[in-house]
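S.K.: Given next are the chains, with one letter for each unit.
Number of protein chains: 2
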Amino acid sequence: MSKYSLGLDYGSESVRALLVDIETGEEKGVAVKPYPHCVIYDKLPNTDIELPADFALQHAQDYLDCGIYVISEAIKEVSSDDIIGIAVDFTACTVIPVKKDGTPLMFLDEFKDNPYAWVKLWKHHAAQPEADKVNELANKRDEKFLKYYSGIVSSEWMLPKCWETANHAKDVYDATDYFLDAGDWIVQQLTGEFTRNACAAGYKGLWSEELGSPSKDFLKALDPKIENLNDKLITNIIPAGKTAGKISAEFAKRTGLKEETVVSAATIDAHSGVPGMGVSKPNVMSLIMGTSTCHLVMSDDLHLYDGYAGVVKDGILPGFYGYESGQSAVGDIFAWFVKTFMPDSKSPFKEITPKAALLPPGGNGLVALDWHNGNRSVLMNADLSGLILGLNINTKPEEIYRALVESTAFGTKVIIDSYIDNGVEINEVVACGGLTGEDFLMQIYADILQLPIKIAATTQAVALGSAIFAAVAAGKDNGGYDDIEIAVEKMTKPFIKTFEPNLDNKKSYDNLFKVYKKTHDFFGKENPELMKSLKNLK
Amino acid sequence: MSKYSLGLDYGSESVRALLVDIETGEEKGVAVKPYPHCVIYDKLPNTDIELPADFALQHAQDYLDCGIYVISEAIKEVSSDDIIGIAVDFTACTVIPVKKDGTPLMFLDEFKDNPYAWVKLWKHHAAQPEADKVNELANKRDEKFLKYYSGIVSSEWMLPKCWETANHAKDVYDATDYFLDAGDWIVQQLTGEFTRNACAAGYKGLWSEELGSPSKDFLKALDPKIENLNDKLITNIIPAGKTAGKISAEFAKRTGLKEETVVSAATIDAHSGVPGMGVSKPNVMSLIMGTSTCHLVMSDDLHLYDGYAGVVKDGILPGFYGYESGQSAVGDIFAWFVKTFMPDSKSPFKEITPKAALLPPGGNGLVALDWHNGNRSVLMNADLSGLILGLNINTKPEEIYRALVESTAFGTKVIIDSYIDNGVEINEVVACGGLTGEDFLMQIYADILQLPIKIAATTQAVALGSAIFAAVAAGKDNGGYDDIEIAVEKMTKPFIKTFEPNLDNKKSYDNLFKVYKKTHDFFGKENPELMKSLKNLK
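One line per chain: the protein sequences are A and B, in this order.
The working numbering puts the first residue of the first sequence at 1, with every later residue one more than the last.
The working numbering puts the first residue of the second sequence at 1, with every later residue one more than the last.
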């Protein structure tokens, strides 16, 4: 009798459920549902209440309605008795303020018209002033937690977002019993149990096993208003693959799952892609490539240096230090290119790619910087911006497109080099995500990295990763696995394709990379105020 | 009885004749004719003979045929008895190898299939290797002539072009009796007299009154093949406004001009625009704005420093040191923009300009470098290339367009600042040329320069300048003028419009200029090898 586990993958615009045979990895059911309110940038839905700049909210009801729908759809073909576990991954740091019983403040009449009571999506950037002050004070006080984050706290993270609410909506802050990562809220809804997932707590919550959370003393020094913030955070911190609770009677009814089905602790969506691709060993660089790219690598050792976004013990898989880096725009840069240069084309990528593929490295003498949405690694600076150089009066759009693709590969090279230069070995590069279907692009990455790149078999690596965590949380006693390495081996398929570096292009790319790196350092390290001054001009 | 003078203006793609009433400046006749062979880049016409890279040739017969046509057309309405003089301006350094009787080598059966026997247009850039060696040796020997040219000899100039011919076509070099500036060849054709115009000899021929031509010793050290080059250059050097000869019987017949009509020495086209705009005083910056921009200013004093293209005594008007600077692409950058970003638009500038005009300075945080065709001043480096920075995933084409327009104004500001910083006073800025009709663009120039800019009344300032030189060459005795200042006053009209700087934009542009200048210095001064390496990649 086959057993199944369910991965529930909450992305920025939709949720996906994937039901997998835990013995073969076969996909037994899948369903996707876009959130009706998607991302809310301008006004609270059905109101005239305008949102401040840099806001990006979501509706908690969307998560529930869509989640229940996709679960019900994905499990239709099998008996709920054979589904042994479920795990949730979620964008992070997506924050939801709730009452003691798990009710989101935005569901209460008192707060439904207050934007600060709504869910702040990961890319809500309005807490930059708070992040700046956190960084200033933490650096001044030499707070130990900084060493795990290259010395920089992002405005996307938990502390700045909570403090922002305290600054702008003290009533919401005071009425909030818990600020939850949205993934943990889904787990609480499914099980009734409050847990905090170690992955989000580590990468986005400034928590570590060694140091715990930032001290009350530090919080008070930031602002007496938030000296009690730790009381509003869940202390039961659990990694994905461990049981957070079991499906409640209510949610069994609403989803079709069996009551008491094991629910794993949550994890961050990108991080779930690592086991989902088939990686369970250290020193493998996993690229999760889409509108942005996430770079994840595990190591037996802790290497502290500046350049990554965060390092968390057991942050990706138990037993390893998990390192996270990122490029804030990759597919988004290509989307910008076609919107800007080919507004009238119906299939712009089909048109431009063959032309760009015929060009030599550099697209006839161009180099670009991939900072159209700032730089997340290794510079950690949202004020940086994109650049193209080498333009002449004959430069063609396909040349610019090729240079932009190459720029994102150079950005990945800088990240990988920074790991290697600081002692984190990289033996292999693997990739998943929407962009890995583009041979033209992946070959450029292999050529620029001068490393083979293996492409994951599944297009749903993130959801599959959650299904793996679900099977491990269920454990051998329930027909699952106790060992994640075995679960990964059983439930994932071999890489389907390897892009080998073309040595003919090495010399050209080495020369282009010299220009990239020198320009990168000039604008990113030596003179960051130049691009910052352009942002402030607006 | 009215008297008239004729300006004959040879541009890159057409020739224009303008007949002017010397008392009122009234335009009495005008004709334009494009050269049938235009610019020859790929193959010699009607042959399979391919041209090497960076070649740009023209056909000498086009100059004659089109010149005769436009003269005949422009003078139709008046009696040839009342036309007192004619003057020629020409692009420079456009070089034509001829026999002792003035016959171009390209007209001879022996050489008609040899590209090196054809006319090398100013923008023929294949002599860069020769220019590099001239610069290296001249700097090593500390040749005095270098001081008039900021220490750099351009590949566009006479010496590199002649040496290139000696290197690649020794038979052509040996058979050449004279290498002529094309303007001087037209004068020779009209009059039978060989003269060399002081303007082209000074700015493009490394000649000065003080030093003469580069020494035989220097030429021999460059290459024994060209030690006799000075014997192939005309030594009768005459400035525009002085008589070079008189219309021959043959050309009287062919053009309809009267035999013995005075012909002025030639001049360079841009330089002729200065009197044509109405400028006869020192310390006025004249901008001749088109596909590229030429910056010309006169001064009572000689200021030697690096940054301009050349300084020539009496080079623009007699009695002053004439300084020349230039931006190698201005209108060409805008043409590139619309070709690249708006390929399907029928009237792209009409579409994009109103959108760009609504934007704030910087077009929402962008800065560009105007080096799409290299930098002629103040860096004198053809290996530099264009750059755009400040891009983000919402950047719109009109924002880029605005930044490109601003970049060309910043380029002009760098040039003007370099004069002022080095002691050449600039009291006034005036402009002529195709771009001066664009209010949006001219207002940006006024705002960025923070100086008023006066716009010339005529759209044919260059041809009018030649007509002025013609009236002065004819002199009072023939009903013309002896004094160029009076001729300018009589024959030009007051500036029609002044763009006043908008103080509201000063702060923004000061900030943007800081970014421009820092980027300019990084890529142009401190690390010129970066962009050079991109050129060499091709």
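Hints may be right or wrong, so weigh each one.
One copy or any two copies: either way a pair holds, since identical chains are not told apart in the list.
Cut-off 27 Å, straight-line C-alpha distance, at most; resulting in silico cross-link-like pairs (DSS-like, lysine-lysine) [to be verified]:
(1) K507 / K535
(2) K535 / K506
(3) K253 / K225
(4) K490 / K133
(5) K493 / K147
What the hints contain is simulated information worked out from the structure, not anything from laboratory work.
Remember, predicted model here, so these are calculated numbers, not experimental data.
S.K.: List, from low to high, the hint numbers that the structure doesn't satisfy.
M.R.: 3, 4, 5
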